[in-house]
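Novice: Below are the chains, spelled out letter by letter.
There are 2 protein chains.
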Amino acid sequence: MFVMDLQKTGAKYDAAEATAMYEYRREKLYRWMNEEGLSLLMFQHTEGQTDPAVRWLTGYPADALLFLVSEKKSMLVPWDIHLALSCSCADEVTPYTDFERQPINAIRGAIRSFGLPLGAKLEIPPVTPYPQFLQYVESLSECDIVCRTGGAHEEVGRLRAIKDDAEIALYRQVSGFTNELMDLLEKQIREGKLKTESETALFIEAEGRKRGCEGTGFETLAAGPARSFGIHPFPAYTLGEFAGPGLSILDFGLVYKGYTSDVTLTFAREPLTKAQEKLITLVERAYRMALDLVRTGGPTKDIAFEVDAFFRHAKKAMPHALGHGIGLEAHEFPALRNRSDNDWILQPGMVFTLEPGLYDPRQGGCRLENDILLTESGPETLTNARIIRL
Amino acid sequence: MFVMDLQKTGAKYDAAEATAMYEYRREKLYRWMNEEGLSLLMFQHTEGQTDPAVRWLTGYPADALLFLVSEKKSMLVPWDIHLALSCSCADEVTPYTDFERQPINAIRGAIRSFGLPLGAKLEIPPVTPYPQFLQYVESLSECDIVCRTGGAHEEVGRLRAIKDDAEIALYRQVSGFTNELMDLLEKQIREGKLKTESETALFIEAEGRKRGCEGTGFETLAAGPARSFGIHPFPAYTLGEFAGPGLSILDFGLVYKGYTSDVTLTFAREPLTKAQEKLITLVERAYRMALDLVRTGGPTKDIAFEVDAFFRHAKKAMPHALGHGIGLEAHEFPALRNRSDNDWILQPGMVFTLEPGLYDPRQGGCRLENDILLTESGPETLTNARIIRL
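As given, the protein sequences belong to chains A and B, one line each in that order. Counting from 1 along the first sequence, just add 1328 to a position and that's the residue number in the numbering used here. Counting from 1 along the second sequence, just add 1328 to a position and that's the residue number in the numbering used here.
Hints are not guaranteed to be accurate.
Pairs count within a copy or across copies, as identical chains cannot be separated in the list.
[Said to hold, decoys possible] List of simulated lysine-lysine pairs, DSSO-like, C-alpha gap at most 30 Å: (1) 1521 x 1538; (2) 1400 x 1356; (3) 1523 x 1401; (4) 1606 x 1643; (5) 1538 x 1523; (6) 1521 x 1643; (7) 1602 x 1644.
These are computed hints drawn from the structure, not numbers from a lab. Since we're looking at a predicted model, the values are computed, not measured.
Please work from the sequences and hints to get the whole structure.
Specialist: Structure follows, in structure tokens:
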């Protein structure tokens, strides 16, 4: 049994506690596997096919395959064996290079290592490309290969959507750092110390790390008045002016021990046009309306449709979802999409964003995004993003 | 016809020249489609399924679907219509929201818009997940859906592997910026002005943008002596010491008008152990050996196997590939893997890295990586990364 080293990941749990946590999470999956008659389960976190479930189940934050077998054993296959030996918790750790860095070889290795019988049922990630699936079926004729929606990987997604106590504690910490940083950003911008998109974005990178964060959850989006009309500006930030007259959008997240916040501030500097004032008012009202609708048992699409209707009434349209779950990824379950196929229901323990926004090619854009924890007693707004008037 | 706006992408071509360039690239694909009897070709660059071919074929750098039809028409379906109207070149541009942000709806829209007949042959990306492929087949029974290795998307990869004159000109520019920055980094580190991993990485972000770069091609990896044993340290950079006694690795790339450089410097500060000196000597010799083997018509796996044999002779092993193509992505064709299934042959116009490296959990790591352009008259080393002794 390899156990995570606390130094390397910056974690403060003790090793035994961490081991127990990862084993507890895997235990839930072993039970599910046995119910489903599944012998072997494969996760893949590699370039172009990422899956933070590997980190959630073992603590290992980098490229690896992970195999779970219904007899309650786990095997991590990391690209970087030195890193894995310093910060992972799994029953076996075998370097990916032992398998020529080929998934099929690693699957065969796991079958051999666990002594699985012929015809064993193996579930692979539902994002496996079709041509690769065909290759697996051809090469691994000794297995019954399952690749589906609604399977084990979605089950992990559902489990991850409800944060446990350790995760909620981390969310309180990362939200605190994020709030501190937003206050500092407001101060620096009011004092004229941060003038460009680039200065603003790099200030966040530096200050986040000073607070012990791993980094940012996605490339910080800093769009001054000339570029805030884009939902996600391209490039993410430039040498252009930030927080000058008009509307500027700042969308960022800090990552603490794996978990990312995700907030958006709008800076509105005088003089503003009537149309810009209207965007601000509509977004603030939509945000409050959405927050008022958050409750246990509520379908997320209903909230999203309400906000859509509100904007439609004002002859506006929001070109993106109302929000999304956050965790080890910036976008995870639950979805808060305004789509008929969205069947997510809010439950205590979910942590998600609400982020109404409107964008106009001439007026610029306005978005307000905060992170919400749904508790037994209702929604708790973890972060303190706001529309800041300058 | 929508034409790219030069301000927004920072491009310096004039609009007519840009239009001609993207049309020329699409023209090559239309020919290929006609040879293959393909009516419709779909590219997808969205969250979790990226494909810079969309940018290569239209100039549009953000999330979108792209459809090409063999009758030589293109249709871009961007997530952000405002951004697309400001910087893309396609015959039609229709917002993704018109299709409820659902690929199947967009495919139906393209079929309708182009007036394709029943049974038209449609090729979708080879990374399409198996369950999604099944959904397409069920929902789009009016089409003959192709999803394969060795198809249109790989053809684009092969075309992109040979850079055209405009791309080579951009590579000379981004390499120049990268070389300037490496000299500046060496100076700042020698003068004790950059002391931590974080200062070093954020210096690159800031200085790159001052030179007009979009950003960095991947998260800068700065590993001081305590962490350089990892191929890719995690987190990418921290507040820890950089370039202190022992071996430190700095791996970064600047992106200029879409194209990324990719270099790795090792900083070796006295006192060094004999084992550390040996790592340096071996890596420098492996790098020179690899460069000497680069020639038109040469199989890349032969070079990689030679380097492997050299390291094996010294009782060492490199846990990663010898190099990879670079371009709109940090990792693209050609592969320079030490794997029997690697059948890439070097051709003039290819731009790729050579990056031998060795890693030891006690001594730390050493890697040297430069970007090479293969010209008609042989390899040209574009960048000037080196092992810097302090």
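Novice: Compare the structure with each hint and give your call.
Specialist: Right, here's what the structure says about each hint:
no., hint, result
1, 1521 x 1538, "both (19 Å within a copy, 18 Å between copies)"
2, 1400 x 1356, "within (10 Å within a copy, 53 Å between copies)"
3, 1523 x 1401, "neither (54 Å within a copy, 43 Å between copies)"
4, 1606 x 1643, "within (11 Å within a copy, 69 Å between copies)"
5, 1538 x 1523, "both (21 Å within a copy, 14 Å between copies)"
6, 1521 x 1643, "neither (38 Å within a copy, 54 Å between copies)"
7, 1602 x 1644, "within (15 Å within a copy, 68 Å between copies)"
The structure is inconsistent with the numbered hints 3 and 6, although it conforms to all the rest.
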